[in-house]
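S.K.: As given, the protein sequences belong to chains S and D, one line each in that order. Take 0 as the starting number for the first sequence in numbering that gives the first Met the number 0 and just add one per residue. Take 0 as the starting number for the second sequence in numbering that gives the first Met the number 0 and just add one per residue.
Hint data in this document are derived by calculation from the structure and do not stem from the laboratory. Hints are not guaranteed to be accurate.
Here's a subset of chain D near chain S, in silico, CB distances under 8 Å, partners left out [as the list claims (entries may be wrong)]: (1) 11; (2) 13; (3) 14; (4) 101; (5) 115; (6) 117; (7) 119; (8) 155; (9) 166; (10) 194; (11) 197; (12) 200.
Here are some chain S residues the structure puts well away from chain D; computed CB gaps all over 12 Å [claimed, not checked]: (13) 4; (14) 11; (15) 18; (16) 36; (17) 38; (18) 62; (19) 69; (20) 83; (21) 99; (22) 109.
The calculated label-pair distances, taken between Cβ atoms and stated as ranges, are [as the list claims (entries may be wrong)]: (23) S:63 / D:83: 50 to 60 Å; (24) D:67 / S:95: 39 to 49 Å; (25) D:22 / S:36: 12 to 22 Å.
Remember, predicted model here, so these are calculated numbers, not experimental data. Every residue gets a Cβ at the ideal spot worked out from N, C-alpha and C, and that includes glycine.
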Amino acid sequence: MLESAERNNGKKVLSIQLEIGELTHLNGEQVAFWVKELFKDSVAEGAEVKIKAIKARIHCTVCGYRGGIRSDREDSFQHLALHACPQCNSFQFKIEKGRECFLRRIQVVG
Amino acid sequence: MRVIKSRGLEIFDVELGKDLLARNRSLAKENRKRLDRAKILAIDIMGSIGSGKTSLIKAILKKIGMGDSVAVIAGDLTTTIDAERIEAEGARVIQVNTGRECHLDANLIQQALNRMELDGVKLLFVENVGNLICPGEFPLGAHKRLVVTSVTEGPYTLMKHPYIFREADVIVLNKIDLAKAMKVNLSQLERDAKKINAHAPFIKTNALSGMGLSRIINALELKT
């Protein structure tokens with residue numbers, strides 16, 4: 000990231016945008032904290048860390064359903080609990096999305 | 000790389016689109032290729048702290064009697080206790096101390112493979128760090144993944160950690176001799192396992208007595 004900022008003649012990094020899949024066990028608050036720590040004493044010191052969640056997407060191998068997961072629970076980590084296919088209630092599905100961790104883009108001042 | 004410069008202002012976005020987990024996946028693929036070329040079957044043993052990963056590996060080694068044609072990469076934070084226990088069974092052992100990290104990753108495995116004498120090795124066990132969360136997110140390049148849990152962890156471990164069990168080719172429930180004392184319902188745990196992962200064989204074991212070992216050896220297709 001620092002190399003990219005430098006290559007683009009960026010003098011300061013204003014923000015860092017990450018995208019984290021909701022089926023990873025990464026906690027956005029902890030990631031943001033450590034990214035800020037990591038870039039202390041660099042051109043990215045003090046940059047705002049923005050984290051966007053990547054929604055889970057599954058493909059059910061029983062009924063062919065493709066789409067999001069459903070949860071009856073309201074707490075913020077409910078998506079990491081055990082889920083069934085919302086269409087046929089099977090647990091046999093492939094995860095198509097939700098396990099990624101992207102450094103998407105940075106905003107820099109030239 | 001796509002650079003979008005905003006007009007008149009000197010603030011702009013630099014698109015990176017860098018997948019931070021992709022490097023681990025590509026290193027895992029390299030490890031797999033290397034193992035395939037050397038005709039080594041590699042098994043990643045994951046599981047909870049104290050579930051019996053080392054005891055299980057020791058028991059399997061004893062039963063298959065392949066001596067030093069088996070290599071073991073033992074992952075642990077700081078100690079060599081597990082490596083020493085396994086070495087006693089005649090396998091080649093390399094200890095990977097992660098220091099602080101709660102899981103092994105493909106890079107650490109690559110480094111271990113670089114340092115090991117692999118001539119004559121036919122089977123490789125990788126004992127992951129005891130943890131049911133992070134190891135599931137870091138493929139190492141192993142051909143099969145076995146996840147161990149034990150009845151002393153209580154009745155809810157599988158339902159609490161579905162994602163690592165989804166990744167498993169074989170699920171082992173160890174210490175079943177203690178089920179009664181722990182008031183754990185074995186058939187309920189088996190139903191949980193089948194619900195999460197219908198394809199992985201669910202094998203009940205007592206690594207210390209040897210119970211269930213033959214089923215593991217069959218499930219992993221280890222030649223004895």
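S.K.: Please list, smallest to largest, the hint numbers that this structure does not respect.
M.R.: Violated hints (numbers, rising): 4, 5, 6, 7, 8, 9, 12, 13, 14, 15, 20, 21, 22; every other hint is consistent with the structure.
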